[in-house]
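**Q** These are the residues of each chain, in order.
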Amino acid sequence: MNELLNNILFLPEQASTFAERVDNLHYFVVGVTMLMSFAVGTAAVFFFFRYRRRSPTQTTEYVVPSVKTEFLFVSLPLLFFLTWFVIGFRDFVFVSTPPKDAMDVYVMGKQWMWKFSYPEGPNGVNVLHVPANRPVRLLITSRDVIHSFFVPSFRIKMDAVPGRYTQTWFEATKPGTYQILCTEYCGLSHSKMLGEVVVLAPEEWDAWVKEQRKGSLQNRQDALADLSLVPQPARMAEQGQKVAAEVGCFKCHTVNGEPHIGPTFLGLYGKQETLQDGMSLRVDEAYITQSMMDPGAHLTSGFPNVMPTFQGKLTGPQTAAIVEYIKTLRTPDIRTGASSQGPVYEPIQ
Amino acid sequence: MSPSSSIAAEPGAVPAPDEHHEHHPSYLVDGTTVKSWLLTLDHKRIGVMYLIWVLLFFLIGGIYALIVRLELLTPGPTIIDAMTYNRAFTMHGVVMIFLFMIPAIPGAFGNFMLPLMLGAKDVAFPKLNLMSLYLLLSGAVIAIWGMINGGMDTGWTFYTPYSTHTTTTVAPILFGAFIIGFSSIATGLNFIVTTHTMRAPGITWFKMPLFVWAMYATACIQVLATPVLGLVLLLVVGENIFHFGIFDPARGGDPVLFQHLFWFYSHPAVYIMVLPAFGVMSEVVATYSRKNIFGYRAVAFSSLGIAFVGFFAWGHHMFVSGQSTFNAGVFAVLTMLVGVFTAIKVFNWVGTVYKGAVDFKTPFAYFCGFLYFTVFGGMTGVAFATASLDVPWHDTYFVVAHFHFIMVGATIMAFMAALHYWFPKMFGKTYHEGWGLVSAALIILGFNATFIPQFLLGNAGMPRRYYEYPERFQTLNVASTAGASLLAFGFIIAAVYLTYALVYGERASANPWHSRGYEWLTESPPPTHNFVGPQPTYTEEPHFYVEPEKAEVPDAV
Ligand code: HEM
Ligand SMILES: [Cu+2]
Chain A
1 MNELLNNILF LPEQASTFAE RVDNLHYFVV GVTMLMSFAV GTAAVFFFFR
51 YRRRSPTQTT EYVVPSVKTE FLFVSLPLLF FLTWFVIGFR DFVFVSTPPK
101 DAMDVYVMGK QWMWKFSYPE GPNGVNVLHV PANRPVRLLI TSRDVIHSFF
151 VPSFRIKMDA VPGRYTQTWF EATKPGTYQI LCTEYCGLSH SKMLGEVVVL
201 APEEWDAWVK EQRKGSLQNR QDALADLSLV PQPARMAEQG QKVAAEVGCF
251 KCHTVNGEPH IGPTFLGLYG KQETLQDGMS LRVDEAYITQ SMMDPGAHLT
301 SGFPNVMPTF QGKLTGPQTA AIVEYIKTLR TPDIRTGASS QGPVYEPIQ
Chain B
1 MSPSSSIAAE PGAVPAPDEH HEHHPSYLVD GTTVKSWLLT LDHKRIGVMY
51 LIWVLLFFLI GGIYALIVRL ELLTPGPTII DAMTYNRAFT MHGVVMIFLF
101 MIPAIPGAFG NFMLPLMLGA KDVAFPKLNL MSLYLLLSGA VIAIWGMING
151 GMDTGWTFYT PYSTHTTTTV APILFGAFII GFSSIATGLN FIVTTHTMRA
201 PGITWFKMPL FVWAMYATAC IQVLATPVLG LVLLLVVGEN IFHFGIFDPA
251 RGGDPVLFQH LFWFYSHPAV YIMVLPAFGV MSEVVATYSR KNIFGYRAVA
301 FSSLGIAFVG FFAWGHHMFV SGQSTFNAGV FAVLTMLVGV FTAIKVFNWV
351 GTVYKGAVDF KTPFAYFCGF LYFTVFGGMT GVAFATASLD VPWHDTYFVV
401 AHFHFIMVGA TIMAFMAALH YWFPKMFGKT YHEGWGLVSA ALIILGFNAT
451 FIPQFLLGNA GMPRRYYEYP ERFQTLNVAS TAGASLLAFG FIIAAVYLTY
501 ALVYGERASA NPWHSRGYEW LTESPPPTHN FVGPQPTYTE EPHFYVEPEK
551 AEVPDAV
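Residue numbers (the numbering used here), protein chains in the order written: chain A, 1 to 349; chain B, 1 to 557.
There could be a bad hint or two in this list.
As the list claims (entries may be wrong) - In silico negatives: residues of chain A with every beta carbon more than 10 Å from chain B: (1) P12; (2) R21; (3) P135; (4) D144; (5) L188; (6) H253; (7) K271.
To be verified - Quick look at which bits of chain A chain B covers, simulated, 3 or more residues with Cβ under 8 Å: (8) 53-60; (9) 201-212; (10) 260-269; (11) 274-282; (12) 308-320.
The hints are simulated quantities; they were obtained by calculation from the structure and are not laboratory data.
All figures in this text were calculated on a predicted structure; none of them were measured in a lab.
We treat Cβ as the ideally placed atom computed from N, Cα and C, and that holds for glycine.
Bound-form chain B, shown alone:
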């Protein structure tokens, strides 16, 4: 189609390569030297580099996870000693959270798609964008150096005074996380400015794709909350090396102060991880149902709502730390509000399928898994916020199962969905649909098999971070480990057919899903400057699948 036509004019139109095509090579081949990749300022190449790195970090974190799960196969020592085990679950958490879940979707897909969805040629600050990638990598290098030279055994929550007393090497790993924090802030800043200043003519705030809304809300949290984490991590390093005495009661400090500061970041941080997932899913469900999002504004505003109340819910991690009963009540109610905002999204996603035209492709399979994990994980979150139930559940396997369901489950589903949904756009190739569905089914099944036993373990009273456990917990632990193997198997299959598709896959058309998301208005893979010729015009909201003659839009809520 000619770049100037609006979306509604040609239902399901697939842009054809125009006559200038030869002069506008795709971003993938525009420069093939190593330097042209490593020093690129192109948001798409930076996105692809992020993707490669976060996949590597996911692999490292996954190996740690399997070590932990294998160790828990028997009540006593199984494959490693207690100290190694304590380091392994710590590194599993640190790598997965700081190196995979926080940067994954914003870094890889946010970078790639945000400018395309806004009709922009790049992000607002391309050099800052490149820098944030290298900040992430240098933080990772420092942290991994620390892991090899001593390791750390505090858990990813670094609770003081344990973390200020432990003999393991806390400093490099926390310093690595501190630097990674800067990367997160830089990415967030870039996205905020890009969204404010680089929207193409016609893309008003309420015509932005919901993925952009989600990235915007995420970016606000990143910029506001991450500095608090940076500060508190530096203070812990100071305690650990110089014995400041801020958090150590033996020196007059307050250990609970650490928990307040830590959760003030880390509770919003769980929304840094999960809001991008919500954004991806809004795109996926619209495309595969060929429907406009039911309640677009409700979904958009609930992202901001979650970002906002997310800042006032941190106290629910401390119901049994001796805080006052009154505080517990206040935090409990505020936490419920997060649940309500999430519920709005869930209902509107299901509403989107209503009267749609559903094409059950791999990303849609992940959407189904996502819906289930979000409802179930979110409801267990609200159950936690019900203060009296938190008392027995706190710091047991129930917590582990809860946050893996909502945070990991939702994020992984969205990450895999995004990978499959945007694969043709990013690499110009198609993958094997059948294998996609098989691996999605295995991953969703494996996830359930891993974590449902953990909910029950938590009910039975097994505390988290246990190297050895009383024998009565064994059956459920074996079930969980078996589930983890299934999960790993699902990921291996995906790795194989996607790698195969990269090399041998068929060429993808510009818009293989017949989507009317804005990012599909250019070729696959896009040229270096995103659009050939004049910018497309945007007269309809994204995902507007109405027949042109019926395109009288009733007032949206």
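The shape of chain A in the complex, shown without the other chains:
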């Protein structure tokens, strides 16, 4: 049944956990639409024939609907629409809320390519490698204009907006290669901004990761003889630390827990921060990015509004690296270098 409907409706194959959920609602909605159109159409055609005009000036009865009829006209569609809404919104919440154990990948759109970077090291252009059966969270931004990251087989899409991070996630269900398309018009070669997601079986994934590690470690000048004994800090985080030092974050922020001119970075990520206007919010990627780009937007209680904006001074990857660095200051196991692969974030609320 699923396969048949999939073919009739020209839907691509279902390759993520979300795809199945969306498609089931899709069938229901299309089914009701067809039925309703059919009912309205049949009623109309029946009336056209049944009530043909018999003389040019024929008169008619004065018919007005009863309150009950009008009530039916309103409540019938409303009932259906609300049912769709409830199911649809539940699924929407599902796709908007990545699970806690998801693996992170940064995605950057750029005229006209997709760049991927993993907190642990490797980067890729236009090809995203992910393991099957494991949730992957995408943290998406753009370097120039708005793009939109779309994988039809996963039924996911999220805009890449310059100056901010958006997120989405998926869990691929079968190994294979799936197309990525850009769905927000972004200029001359918009239609050539294609990429692919390569979903690997768990063993292949481990092998792939090892391969990538090797490459990145071999390039390190300070590589030591026995690689397995040296704790490798996440490469992106390491870069982030360097960038933060270069642009001067540490003039005001400490990393050892002491407040200075600004709040400390230690334990910042994931914390519930109290703001000057009395509100509070959870520190996530979006908040950290915003604090760099528009520091006055949400002032932390107890600190003066003195931070300069880094808008235009930090590139997308640099921003991501700093965010990644601040994240490592929270997760104890990452700081000690025991593992760089575990969950490193809480979902954005």
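Mind docking chain B with the ligands on chain A? Use the hints.
**A** Chain B with the ligands in isolation, oriented as in the chain A frame:
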């Protein structure tokens, strides 16, 4: 009939020319110099001029559409390069939306019919009316100048920061659209005041024809929403030329702010385009079924309801732009309400045919097409508003198919229906019924053949605004292009027989459809001051087809 008789007194009465006829030439011949047309203050002549211009704009937009469709015949380059393609779909959208769909029905038929339906001699501000025509034309001239000198490649949605960075000439086209906005506001203002102050004695609010209700609701949206668009277009021009940095993140701006402002206008704008269509269809279905509208008040109020909730639904264009999940839920529910209001109308239109006396003429054929496009297009809209389904569909061909079905489909059906329904009234001539039905059938078929494949393309995942596409999408694209040719052919036929009818058509009687709509109470074509002699009296609601002796009206809901 004598102008003072009420409608119910003479079922199906056709006003005969009275003895003063010779002294009251029709508006068409009352002054034949070029100046008497270009500087006229007569709402009917202004309506006719609008009609001529919007038909021209429709032709321009249609040529762009065919270029776009031809280019998509093959996966790679077909007839034009990528830059030309990007300009072509942008201009197709800009011309069709700002120069055809928004002004078409209000400008041409609203201007002509509103005063006739209200028993008024003209609109409230005839000079403002003329000015709004010239504002539209000057906006069009500026925009078309921009199209020839560089063109624009942003899509009609002008999303920032792309539109602030592109090297094409954005400024004149946006400035043209800004001026066209003033035209829209002026028309809306005029209609609101006319409806409030110029109703003839006897025409109470609940005896107004439903076309007037629809124009009134449309006018409210035009006056309230258009200024927001004007503002945002000017800001984009400023960004583009002076680099203000309001929407450009590289300068500290917010690109999503643009989307909020843009859709705050443009979502209600889709109702500016489609409410007049609903109004036309209420008249058409009543006339050709010879029935009072089933649930008149429900239809009237649902226009206002759509106008109202239309302002609170804009966020459904931004489900995947990073807005909060909570927002998405709120906008999803509010969008559903628009669907419910539209459903009320659909059910009541079908109810109107019930126990009617159906005469299946060309405008009624368009009504059938309209009913189908509205139900199907509207339901796909609700499907979109179901947030999770929007995720894969957003910005794919499914969106293109959806809004062509509801917005373009409904508007075109209504425009063609209005053209045929009021043709005898406006020009005093009749056209060939057989050709009318043939071209209606071709247009409706062509429309389906063009856009049903696009729904499927969207399902398959083809994004909109693609110059090249992966090969697996080709079959459906070829089908769509074939459908577009059929559609174009249907329009060509209509253009031919209507032009022929204008010149060689038989003289039409005052009320060839035996309608009891108020606009038929005068001659065809009407004299300059709309009515000869004293004003008609209005004792019955419009489209009251009951036999006089049975004319005890039960309480309407
Ligand atoms: C009544 C006449 C309607 C018109 C003229 C209309 C027009 C449009 C247009 C022009 C767009 C595309 C905008 C763009 O992306 O360029 C659109 C999208 C949309 N419409 Fe409609 N629409 C109508 C009815 C509805 C209804 C009844 C609903 C739902 C109840 C609806 C829901 C939507 C949604 C959710 C989208 C966004 C799709 C997306 O881009 O992901 N529309 N509509
Ligand atoms: Cu793009």
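**Q** Against the structure shown, which of the earlier numbered hints fail to hold, in ascending order?
**A** 1, 2, 4, 5, 9, 10, 11
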